[in-house]
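2 protein chains.
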Amino acid sequence: MNRNTHVVILAGGQGTRFWPISRQSRPKQFLSISDSGESLIACTARRVKSFCVKSQPWVVTNSMYKDLILEHVPGARLICEPTGRNTAPSIGLAAVHLLAEDPDAIMIVLPADHSVADEAKLVTTLNNAVALADAEDLLVTIGVEPTYANTGYGYIRRGARLAHSGFTVNRFFEKPNLERAQQYFESGNFYWNSGMFIWRAATILATIRDEMPELHLGLMKIAESIGTPNHDAVLAEIFPTLENISIDFGILEHARNCAVVASESFGWNDIGSWDAWAQHFEKDADGNLQHGDTLIIDSVNCVVNSEKRFTAVLGAEDLVVIDSPDALLVCPRSRVQDVRAIVEELKRRGRTQLV
Amino acid sequence: MNRNTHVVILAGGQGTRFWPISRQSRPKQFLSISDSGESLIACTARRVKSFCVKSQPWVVTNSMYKDLILEHVPGARLICEPTGRNTAPSIGLAAVHLLAEDPDAIMIVLPADHSVADEAKLVTTLNNAVALADAEDLLVTIGVEPTYANTGYGYIRRGARLAHSGFTVNRFFEKPNLERAQQYFESGNFYWNSGMFIWRAATILATIRDEMPELHLGLMKIAESIGTPNHDAVLAEIFPTLENISIDFGILEHARNCAVVASESFGWNDIGSWDAWAQHFEKDADGNLQHGDTLIIDSVNCVVNSEKRFTAVLGAEDLVVIDSPDALLVCPRSRVQDVRAIVEELKRRGRTQLV
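Protein chains in written order, with our numbering: chain A, 1 to 355; chain L, 1001 to 1355.
Just chain A, with the same shape it has in the complex:
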C-alpha cells in the first residue's frame, strides 16, 4: 500500500439530470440508489477507505453543501469552491492543497455520484493505477471494459501496453452516436472513460502549467494563500476567474503523458440519468421499475418513482415518471439526458424554488 495516496472526491455538481428529485439544495450525490439508503457520496467514500492513508478523504464542493457533506462523509476534509468552475479548476485546487501537505501526494480523483457493484475489483484496479502513477509521471485514467455500446459515456482508445494493466492513451473520444458506440464496443481497444483519475499532484500541476498556463497562474496565487488569513479572500477573488472547463477537454486530450488502467467491468455506472439509475433496481415481469405507491397497467420498460402520492401509469412504454412533492417529471427514456433543459428553463423563469 502506497503511503502517499489521497482520495479527492468531486462533489460540486448539482445533478440537474436528476430533477425533480435532485435539487440545488440536495443534489444527486446525497441521494441513495439502494434500499440501504446509503447515499452515493457515502458509498464513494466507503469504497476507497483503504486509500485514505495520510488523511481523511478530501471533498471538493460548494460551500452550500458543507453540512450535508460532513453528515454523509464524517471527517471529510472540505475544499470549498466559491462557485462551480468544472473539473479542471476543481482538480487543480485540490492538487495545490495536497501539495501543501505532502509533496509526494498521489491523488485519487473520484466523482461523488458513481456506483460500483464489485468494490474489491475497483480497489484492485485503483492499486494498479496508483502503482503506475507512482512509477512514472503519468496521468492515469481508469478505463472500464465496455459491456455494451453505451452512448452516454466518453471512450478511450488504448495505445501501447504499460505495466500494471496500463496502456498509453491513443486518444480520448467524446460520447459517440450509436453507430460509433457499436464500433468502439466491438473493436476491443476501447474503454469507457470512468472519470476516475490517479496521478501525482505535482504531475497534474506541471501539466496544467504546460497546457493551461492561466489556470496554473491562478492556482499558484491560491496556493500561496493557503494557511494564511487571506486565503478565503484570495480564493473568492481568483477562483471565479478561472476557465470553466473539464479536466478532459482542458488537459487530458492535449497531454502526452496520459495512460489508462484497464479494468474488467466492476459494475461501474456513472448514474448519469434516470435511465442509468433505474438499472440498479429490480424490475417487474414487464421490465417496469416501480418505486413507491404505484399501479402500472399494460405498460413495459417504464421507470416510475413516486415519493408521496399514488401514481397510475396505463398503456405506456419506455416512459419515465418521477414524482416529487412539488414537481413532476414525465419523459420517454430516450430523452432522460435532456432533463437538464427543464432545470435551465426553470432558472430562466426565476422558479428558484423548483431548481
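No wet-lab data here; the hints were simulated from the structure. For glycine and all other residues, C-beta sits at the position ideal for the given N, C-alpha and C. It is possible that part of the hints are untrue.
[Said to hold, decoys possible] When the alpha-carbon atoms are kept at most 30 Å apart in a straight line, the in silico DSS-like pairs for lysine-lysine are as follows: (1) Lys347(A) to Lys1121(L); (2) Lys1308(L) to Lys1066(L); (3) Lys347(A) to Lys1054(L); (4) Lys1175(L) to Lys1283(L); (5) Lys1054(L) to Lys1175(L); (6) Lys1121(L) to Lys1054(L); (7) Lys308(A) to Lys1221(L); (8) Lys308(A) to Lys1121(L); (9) Lys221(A) to Lys175(A); (10) Lys49(A) to Lys66(A); (11) Lys121(A) to Lys283(A); (12) Lys283(A) to Lys1121(L); (13) Lys1347(L) to Lys1066(L); (14) Lys1347(L) to Lys1308(L); (15) Lys66(A) to Lys283(A).
[Said to hold, decoys possible] To list a few chain A residues with every Cβ distance to chain L over 10 Å, as calculated: (16) Asp102; (17) Asn170; (18) Val300; (19) Ser306; (20) Ser334.
Starting from the structure of chain A, add chain L where the hints point.
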C-alpha cells in the same frame, strides 16, 4: 311550446374515466370544462330551462350526491336511487314519478355530463323531438350528424323520413372500430347516438312493459308507493333487484317505435374521456393542452392538467398527464377509454380514498 315537457337529468354516474380528478365523492358531472367554472350538470340544466314548464328539472342520482346536486342545480327535484342500476331502471323510475303528477308528461332525458357548444341549435332540435313525440307514440333519440369517424360513440342508421326532421330508426349500432366508423361517417345515413331521449312517460313505460316485463313489474310496485310513507322502504327493497342494463340495450334496440331526430352538429360532446375533455380548450402551437403550472418541451399533442404542482413533460407525444393532490395519471391518448381499469383495480385493492 308544449306545456307537458319535463326535463330529466341522469346524474348517477361516477365518471371513472375521469380519474383522478373525478372521484366517487365528486364525480365528473360536478366538474367544469370551461374557464367560467360552471359545472357540466349546471350547464345541462341551464340549457334546457325553457322546457321546464310545469316543474323544475328532475335529477335522477345517488343519494350521496343530493347536496351537490342542489348546489349545482338549485331547486332540482331529486329522484334518489338507492344504488346505481344503469339507465333502463333510472329512466323507468323517472317515468313513474312523472306520470304520478302528469299523465301527459313528455320526458326529455339528458345525461348530466355532456357539453353543447351551440345551445340555440340544441333547443331547436329538442323542440322538433318534442313535437314528434307529442304527435306519435315514438321513442325519439337525438341523432347528431357525425363530423368525423368517432369510435367512441354509438351510431344510429336512419330509416324512413318522418315529420319534424325525424326519421324512423333502421338500427342502433354499438361503438365501431375505426374502419366501420369511417363507413358510417361516409354513408350519410348515420348519426351519433347522443343519449338524449324524448318520449311520453306513458310510451316508455308501455314499451318497458312489452320488452322488460320484470322491470315493469318492479316499477309498478314502486309507483304504487309514491306519496305513501312506505315509498323509501319499497324503493330500497325493489330497486336493487331491477336488471342492471342500459335503456339502449334493454329497450331501444328491440322496440319498433324508435325514431331519431337529426340535428346538424351543435358542438355536442359526451366528454367521455380526457381526450374528449381536452377538445374544449385551446392548445399551444404544438397541439398541447396545458392546464395549471406546466412546462412542456419538445412535445406534441399532449394533455397536461396539473392542479397543484409543477409538471414538466419532455419529448412526449400524444400523452395524457393528469395530476391531482393525491393521485397522478399518465397514459397515452389512445388508452384514455381504459382509465376506468385503474379505478376498478383501486377498488379491488380497497384503496377507497383514491376511488
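Checked hints:
no.: 1; hint: Lys347(A) to Lys1121(L); in the structure: violated (49 Å)
no.: 2; hint: Lys1308(L) to Lys1066(L); in the structure: holds (28 Å)
no.: 3; hint: Lys347(A) to Lys1054(L); in the structure: violated (61 Å)
no.: 4; hint: Lys1175(L) to Lys1283(L); in the structure: holds (27 Å)
no.: 5; hint: Lys1054(L) to Lys1175(L); in the structure: violated (36 Å)
no.: 6; hint: Lys1121(L) to Lys1054(L); in the structure: holds (23 Å)
no.: 7; hint: Lys308(A) to Lys1221(L); in the structure: violated (51 Å)
no.: 8; hint: Lys308(A) to Lys1121(L); in the structure: violated (48 Å)
no.: 9; hint: Lys221(A) to Lys175(A); in the structure: violated (35 Å)
no.: 10; hint: Lys49(A) to Lys66(A); in the structure: holds (20 Å)
no.: 11; hint: Lys121(A) to Lys283(A); in the structure: holds (26 Å)
no.: 12; hint: Lys283(A) to Lys1121(L); in the structure: violated (55 Å)
no.: 13; hint: Lys1347(L) to Lys1066(L); in the structure: holds (23 Å)
no.: 14; hint: Lys1347(L) to Lys1308(L); in the structure: holds (25 Å)
no.: 15; hint: Lys66(A) to Lys283(A); in the structure: violated (35 Å)
no.: 16; hint: Asp102; in the structure: holds (46 Å)
no.: 17; hint: Asn170; in the structure: holds (36 Å)
no.: 18; hint: Val300; in the structure: holds (13 Å)
no.: 19; hint: Ser306; in the structure: violated (7 Å)
no.: 20; hint: Ser334; in the structure: violated (7 Å)
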